[in-house]
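2 protein chains.
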Amino acid sequence: MRQVFQQSLSELQERLVGIAELVETSITEATQAFATSDAELAESVIERTEEVEALALELDELAINILLRESPVASDLRLVVSSLRMSSSLERMADLAQHIAQLARYRYPESAIPQGLRKIFSKMGAIDVEMASAVVTLLREQEPETVNVIRDLDDGLDKRHAKVFEKVLSDKLSANPLGVVDATLASRYHERFGDHAVSVAKQMQYFFSGELA
Amino acid sequence: MRQVFQQSLSELQERLVGIAELVETSITEATQAFATSDAELAESVIERTEEVEALALELDELAINILLRESPVASDLRLVVSSLRMSSSLERMADLAQHIAQLARYRYPESAIPQGLRKIFSKMGAIDVEMASAVVTLLREQEPETVNVIRDLDDGLDKRHAKVFEKVLSDKLSANPLGVVDATLASRYHERFGDHAVSVAKQMQYFFSGELA
Chain A
1 MRQVFQQSLS
11 ELQERLVGIA
21 ELVETSITEA
31 TQAFATSDAE
41 LAESVIERTE
51 EVEALALELD
61 ELAINILLRE
71 SPVASDLRLV
81 VSSLRMSSSL
91 ERMADLAQHI
101 AQLARYRYPE
111 SAIPQGLRKI
121 FSKMGAIDVE
131 MASAVVTLLR
141 EQEPETVNVI
151 RDLDDGLDKR
161 HAKVFEKVLS
171 DKLSANPLGV
181 VDATLASRYH
191 ERFGDHAVSV
201 AKQMQYFFSG
211 ELA
Chain B
1 MRQVFQQSLS
11 ELQERLVGIA
21 ELVETSITEA
31 TQAFATSDAE
41 LAESVIERTE
51 EVEALALELD
61 ELAINILLRE
71 SPVASDLRLV
81 VSSLRMSSSL
91 ERMADLAQHI
101 AQLARYRYPE
111 SAIPQGLRKI
121 FSKMGAIDVE
131 MASAVVTLLR
141 EQEPETVNVI
151 RDLDDGLDKR
161 HAKVFEKVLS
171 DKLSANPLGV
181 VDATLASRYH
191 ERFGDHAVSV
201 AKQMQYFFSG
211 ELA
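Sequence order for the protein chains is A and B. Okay, so the first sequence: first residue is 1 according to the working numbering, each after it adds one. Okay, so the second sequence: first residue is 1 according to the working numbering, each after it adds one.
It is possible that some hints are incorrect.
Said to hold, decoys possible - In silico lysine to aspartate or glutamate, EDC-like type, Cα no more than 16 angstroms apart, as pairs:
(1) B:K123 - B:E141
(2) B:K202 - A:E53
(3) A:K202 - B:D152
(4) A:K202 - B:D195
(5) B:K123 - B:D95
(6) A:K123 - A:E53
(7) A:K202 - B:E166
(8) A:K159 - A:D195
(9) B:K119 - B:E166
(10) B:K123 - B:D158
(11) B:K202 - A:D60
As the list claims (entries may be wrong) - Okay, the calculated beta carbon distance ranges per label pair:
(12) A:P144 - B:E14: 27 to 37 angstroms
(13) A:R118 - B:S10: 50 to 60 angstroms
(14) B:S75 - A:A162: 42 to 52 angstroms
(15) A:Q142 - B:T137: 53 to 63 angstroms
No lab work stands behind these hints: they were computed from the structure. The C-beta atom is built at its ideal place from N, Cα and C for all residues, glycine as well.
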């Protein structure tokens, strides 16, 4: 019985890692599609979103079944509780990658990135990809230090988010309302992606320490 | 023992209702502060956000304690699991109300709403307030029909969200990049507020039916 229980918990962890890996692929492709106006790549991100949603649902079912059958305690209970919440965050991260990909597709064959903002969006995309990769590592290796790596990356993202608005409001962009809308939304999507990575990190922090935050 | 358990579940429900009521107050005040450029009212919304956060944390602690001590099953387990997720949604709704209030405060004494968009934002705000009120009713009365009320309201919100972009891109707004940024963000905040109300509705749907979605 105990062995079956440990197997269920391992499966829960493996599934979390699996979903996080799909999120990493999605944000990598979305960032590239956005930078290079690649409509085909954007489509691949959009298609992956439903897969992530279905896997998150299966993960929730597994977590609830563990609660029902095994009545876990201590760190086992914390893993199950945090899984239920991380699945939502991972799903949202896939959604946000999709939103970035959709911006690229809507504007195709034009670029969704206004002139003068390419460099900063390329940096925001790179940070998001790094955060997604750190989330995979955190879920797989369960090393508490990775939590801080994710928080530090998020600080860099927030700085760029503020800078996008400065640029949008100061530049010759003013002449192009579509560019202003796209830049505002894209920057917000990147920033929220980072926030959800931090949510996952907080849930793992809770798993490690037992302290809710 | 059974009696203590039922008391804990009632307390969980009451606390959910309490948090939802604070969210309703916040979105009501945020909408008014945004419409009338009332910096003082905006401040009251911003201050309430921390209170909601603290209450959501306490709710999570209670839910986890119930899982640990009572090993609930069937609809009792579903209420506890859905509470853990609804607390996140309610917290995000308070955050989004705060973001709307912050837009009003940043632009004070100017209006954050560009000319020509006052009517549509007033409607979006009214729908958000109605959704928050329906969430309170859903959590208090636990009537399955309220789920559909919330979904229908969200459809109206999504239509207006699309319309804001049409207007932003077609109007004389083009001359004012700050107005374009504000309108884009405000519309997105209103739309996301509605999405989180739908998330709460979905969680209650799961509580009623046992079907995850």
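Results for each hint:
Distance restraint check for K123 (chain B) and E141 (chain B): the Cα-Cα separation of roughly 26 angstroms exceeds the 16 angstroms cut-off, and the hinted pair is therefore not satisfied. About 14 angstroms separates the Cα atoms of K202 (chain B) and E53 (chain A), which keeps this hinted pair within 16 angstroms; it holds. In summary, the hint linking K202 (chain A) to D152 (chain B) is not supported, as the alpha carbons are separated by about 34 angstroms, beyond the 16 angstroms threshold. Pair hint K202 (chain A) plus D195 (chain B) does not hold up; C-alpha atoms about 23 angstroms apart against a cutoff of 16 angstroms.
At most 16 angstroms may separate the alpha-carbon atoms for a hinted pair to count; K123 (chain B) and D95 (chain B) exceed this at roughly 20 angstroms. The hinted pair formed by K123 (chain A) and E53 (chain A) fails the criterion: a straight-line CA distance of about 28 angstroms is larger than 16 angstroms. Distance check on the hinted pair: K202 (chain A) and E166 (chain B) sit about 38 angstroms apart at the alpha-carbon level, beyond 16 angstroms; violated. Distance hint between K159 (chain A) and D195 (chain A) is fulfilled; the C-alpha atoms sit about 13 angstroms from each other, no more than 16 angstroms.
The hinted pair formed by K119 (chain B) and E166 (chain B) meets the criterion: a straight-line CA distance of about 14 angstroms does not exceed 16 angstroms. Taking the CA atoms of K123 (chain B) and D158 (chain B), the gap is near 12 angstroms; set against the 16 angstroms cutoff, the hint holds. A C-alpha spacing of about 14 angstroms is found between K202 (chain B) and D60 (chain A), which places the hinted pair at or below 16 angstroms, so the restraint holds. P144 (chain A) and E14 (chain B) have their C-beta atoms about 35 angstroms apart, which keeps the hinted 27 to 37 angstroms range intact.
Between R118 (chain A) and S10 (chain B), the C-beta spacing of about 56 angstroms keeps the proposed range 50 to 60 angstroms intact. Distance hint check for S75 (chain B) and A162 (chain A): the Cβ-Cβ separation is about 46 angstroms, which falls inside the suggested range of 42 to 52 angstroms. A hinted range of 53 to 63 angstroms is violated for the C-beta pair Q142 (chain A) and T137 (chain B), which are about 42 angstroms apart.
Of the numbered hints stated above, those contradicted by the structure are hints 1, 3, 4, 5, 6, 7, 15, listed in ascending order.
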